[in-house]
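Modelling step: build the complete structure from the supplied sequences, incorporating the hints.
These are the residues of each chain, in order.
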Amino acid sequence: MSGSALDDRDVKAVALSRGLVPDDLQARLRADASSRTVVLVLFTAGIIWLLIGSVFGEIASLKLHWPDLLVEQGWLTFGRIRTAHLHAVNYGWATAVLIGASVWLMPRLVHAELRGARLALIGGVLFTLGVAVGVVAVLMGYNDGMEWLEAPRFLAGPFFVVGGGLVGLSLFRTVAARKADHLYISVWYILGAFIWFPMLYLTAKWREWSGVEGAAVNWFFAHNVLGFWLTAMSVGLAYYFIPKVLGRPVYSYQLSVLGFWSLAMFYSLNGMHHLVGGPLPTWMITTSIVASVFMFIPVVATGINLHMTVIGRFNALRYSPTLRFVVLGALAYTAVSLQGSFTALREVNRITHFTHWTVAHSHVGGYAFVTFVCFGAMYYIVPRVVGHEWPSARLIRWHFNSVLAGITIYVVGLTAAGVAQGLALLDPAIPFQVSVERSMLGLYARSVGGLLLSAGHLVFAWHFWLMVRMPSSVPRRTRPPFHEAQPVLYSS
Amino acid sequence: MTRISLIALGAFAIMASAICLLVILPDAMLSHVEAPSQLSDYTAVQAQGRAIYVREGCVYCHSQQVRDPSFTTDVDRGWGTRATVPADYVYDTPHLLGTMRTGPDLINVGQRLPDIDWHLIHLYDPRSLVEWSTMAAFPYLFERKAPADVRAEDRVVQIPGPRAPQGVVVVARPEAIALAEYLISLNRQYPVNATAGGSHDSP
Ligand code: HEM
Ligand code: HEM
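Chains as they are written, first to last, in my numbering: chain A, 1 to 492; chain B, 1001 to 1203.
Possibly wrong hints are sitting among the right ones.
Pair by pair, the computed Cβ-Cβ distance ranges are [claimed, not checked]:
{"no.": "1", "chain 1": "B", "residue 1": "Arg1163", "chain 2": "A", "residue 2": "Ser392", "range": "49 to 57 Å"}
{"no.": "2", "chain 1": "B", "residue 1": "Ser1070", "chain 2": "A", "residue 2": "Val290", "range": "14 to 22 Å"}
{"no.": "3", "chain 1": "A", "residue 1": "Trp66", "chain 2": "B", "residue 2": "Ala1148", "range": "16 to 24 Å"}
{"no.": "4", "chain 1": "A", "residue 1": "Ile297", "chain 2": "B", "residue 2": "Ile1024", "range": "24 to 32 Å"}
{"no.": "5", "chain 1": "B", "residue 1": "His1032", "chain 2": "A", "residue 2": "Glu208", "range": "53 to 61 Å"}
{"no.": "6", "chain 1": "A", "residue 1": "Gln73", "chain 2": "B", "residue 2": "Asp1076", "range": "52 to 60 Å"}
{"no.": "7", "chain 1": "B", "residue 1": "Tyr1190", "chain 2": "A", "residue 2": "Gly165", "range": "31 to 39 Å"}
{"no.": "8", "chain 1": "A", "residue 1": "Asp427", "chain 2": "B", "residue 2": "Pro1165", "range": "35 to 43 Å"}
{"no.": "9", "chain 1": "A", "residue 1": "Glu347", "chain 2": "B", "residue 2": "His1032", "range": "31 to 39 Å"}
{"no.": "10", "chain 1": "A", "residue 1": "Ala429", "chain 2": "B", "residue 2": "His1032", "range": "36 to 44 Å"}
{"no.": "11", "chain 1": "B", "residue 1": "Pro1165", "chain 2": "A", "residue 2": "Ser392", "range": "47 to 55 Å"}
{"no.": "12", "chain 1": "A", "residue 1": "Phe296", "chain 2": "B", "residue 2": "Tyr1190", "range": "39 to 47 Å"}
{"no.": "13", "chain 1": "A", "residue 1": "Gly165", "chain 2": "B", "residue 2": "Ile1024", "range": "18 to 26 Å"}
Partial selection, computed: residues in chain A whose CB lies under 7 Å from chain B [claimed, not checked]:
{"no.": "14", "residue": "Thr83"}
{"no.": "15", "residue": "Gly145"}
{"no.": "16", "residue": "Trp188"}
{"no.": "17", "residue": "Gly214"}
{"no.": "18", "residue": "Gly278"}
{"no.": "19", "residue": "Leu280"}
{"no.": "20", "residue": "Phe294"}
{"no.": "21", "residue": "Arg350"}
{"no.": "22", "residue": "Leu426"}
{"no.": "23", "residue": "Phe432"}
Covered stretches of chain A, as calculated for chain B (at least 3 residues, CB under 8 Å) [as the list claims (entries may be wrong)]:
{"no.": "24", "region": "56–70"}
{"no.": "25", "region": "201–210"}
{"no.": "26", "region": "257–266"}
{"no.": "27", "region": "270–277"}
{"no.": "28", "region": "314–327"}
None of these hints come from the bench; they were simulated from the model. Everything numeric in this text was worked out from a predicted model, so none of it was measured. For every residue, glycine included, the Cβ atom is placed at its ideal position computed from N, Cα and C.
Rendered as structure tokens:
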């Protein structure tokens, strides 16, 4: 309990120096302390998954231009290692961090201590174990088929359902015990995500689906797990951290409500745009294309809201790594979504479907948006959980620069490769071989970008380790964090 | 009702409606699709091969669908004579429609490349046949034996050209044979009945 809670005298001093009510600050510290263990365990698990997932991703990437690399073992074949990558980064890394961050955030937002902290801990650990089971099964050659759903239902499924359920239970109980009247928009998104994810998972997995109906269910799930889990949670976090770090209210309450409900209505009908031109009834595909275009509404509403909160304060990005990562993440959210709506149009999709363009888009979403928000959230949360500041501004700078360079190379390279590949595929006079050759440069670029990303991940993991291993004799934080007083991202 | 339960209920209701529209309704509609008379279910060996296709993740590079000629050039490229329709997939569990064409479409590969020996060589070492190919090789689906150990019932695979392994004989394991059997079975060129077969996305 004591962990990061300061004694009363300190609290009073800090509160007064910052113009806060001492009781409020003490309540916030208690809220933080209640989730401490869960948060640290999940963040640690997330970072381990990030490192594992980076290795898998890099191997998969190398194999696409050096196909004779590591071909003697079944578990290292492209199809398995790539799927293991997807599970490790999406259900391992991003999901663990998003759960951890929401468990930390919810008590703060509703002014109550986390209820059932032990349930949340068990749940989070079970979920992450489920990912491990799924990854090992896929590598060993057991998978259910259906992209994003490969982890076997009877082996990994129970872990996901029970684990996610326990975390959800703890969060719902916390909200029920709330002392705040106002429900900030982040609460909506987090609660929504914990309602939507189980609905989606159970729909997709409760039985085996055959034929083209299987494809419809597959992409209904896979699209919505992006929209209603990764995106909903990450938008919820961005809505918290941007105003919080800047110390300004969010631009418009109405826009945040509009963004929430229109996201729910339109995103849920998007899934079939993964099957444009495919052997499914036209009305299904057209519904999803129309809904994809209507995604302009939530995306623009959320975009205006988040960006207008920052506007005029871009200077603050130099001081706070949280802000830097989350603001770039929010920009990437706007970009990836507009790109997505554009990609869903038949005229564009006939060129880009089946190409590396889609993989580039995946990483603008999964990396530049979701992963950046995760990094930003961790830079903010970890100091408050362990009770001292990040030891090194330089490591933060290295981490940031390395992953920003890496993802830029990755996305630019593969997007260009995708267009070249798609145009070649669309011209029957051009042999298939040419579409392979024209992708090659982009595939090499991706491997280079991947190395930079991995290097950034190592720096971050090392820094995190230093942070949690730091002896508790280090003075507890009684002053504003150093990065609120001096720039960390550029040494000026 | 409290505000929080309104939000929760609304979130639930919207997703439930979407599930009705895009999962339950199509399931009901598509369950009437009949298998075309010329399409037969996979044999035991072909089904085993299909399971290996799933296990090795071939779907992440190969699609199994031909799109409408008015929309794309899949037909001109020789990947099929017509767009595929729901009826072509009634025996497919799980579906393998795919979203990437890092490699070519395979729904009619059995018609294009009907020779099982070609597939066995290609699975063992794609670049021994197709120099520019970036496909994964699957040598672990084969055994490499000393010539003296080869038995009469072994399925020997002759790897052509300079990439052939020296001093050993390549023998296909049952898994490789099943996978190749599955590949040569892929052929959806028969005519389909537009009403019984269901329709494809035709912009
Ligand atoms: C070291 C960094 C990374 C590298 C080198 C990398 C590389 C790759 C590769 C090679 C693929 C397979 C593409 C294909 O099937 O053709 C892939 C897929 C994918 N990766 Fe990554 N990745 C990295 C990090 C991440 C992270 C952190 C995330 C998200 C949290 C992510 C999300 C995805 C997704 C969603 C897919 C599936 C893409 C699709 O099916 O279109 N990746 N990645
Ligand atoms: C308005 C919002 C969005 C729209 C309309 C949209 C649209 C699309 C479309 C049409 C595709 C399929 C491309 C193809 O196969 O030809 C796609 C794929 C994908 N999108 Fe989005 N997108 C949106 C936002 C996002 C966001 C926010 C993320 C990440 C959090 C994301 C991640 C992905 C991934 C990972 C794939 C590849 C799935 C796979 O093949 O495994 N998208 N998107």
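Consistency of the hints with the structure:
no., hint, result
1, B:Arg1163 - A:Ser392: 49 to 57 Å, "50 Å, holds"
2, B:Ser1070 - A:Val290: 14 to 22 Å, "20 Å, holds"
3, A:Trp66 - B:Ala1148: 16 to 24 Å, "34 Å, violated"
4, A:Ile297 - B:Ile1024: 24 to 32 Å, "26 Å, holds"
5, B:His1032 - A:Glu208: 53 to 61 Å, "19 Å, violated"
6, A:Gln73 - B:Asp1076: 52 to 60 Å, "39 Å, violated"
7, B:Tyr1190 - A:Gly165: 31 to 39 Å, "47 Å, violated"
8, A:Asp427 - B:Pro1165: 35 to 43 Å, "38 Å, holds"
9, A:Glu347 - B:His1032: 31 to 39 Å, "32 Å, holds"
10, A:Ala429 - B:His1032: 36 to 44 Å, "40 Å, holds"
11, B:Pro1165 - A:Ser392: 47 to 55 Å, "52 Å, holds"
12, A:Phe296 - B:Tyr1190: 39 to 47 Å, "43 Å, holds"
13, A:Gly165 - B:Ile1024: 18 to 26 Å, "23 Å, holds"
14, Thr83, "6 Å, holds"
15, Gly145, "3 Å, holds"
16, Trp188, "5 Å, holds"
17, Gly214, "4 Å, holds"
18, Gly278, "5 Å, holds"
19, Leu280, "6 Å, holds"
20, Phe294, "13 Å, violated"
21, Arg350, "5 Å, holds"
22, Leu426, "6 Å, holds"
23, Phe432, "5 Å, holds"
24, 56–70, "holds (count 5)"
25, 201–210, "holds (count 4)"
26, 257–266, "holds (count 3)"
27, 270–277, "holds (count 6)"
28, 314–327, "violated (count 0)"
Violation of the numbered hints given earlier is confined to hints 3, 5, 6, 7, 20, 28; the remaining hints are satisfied by the structure.
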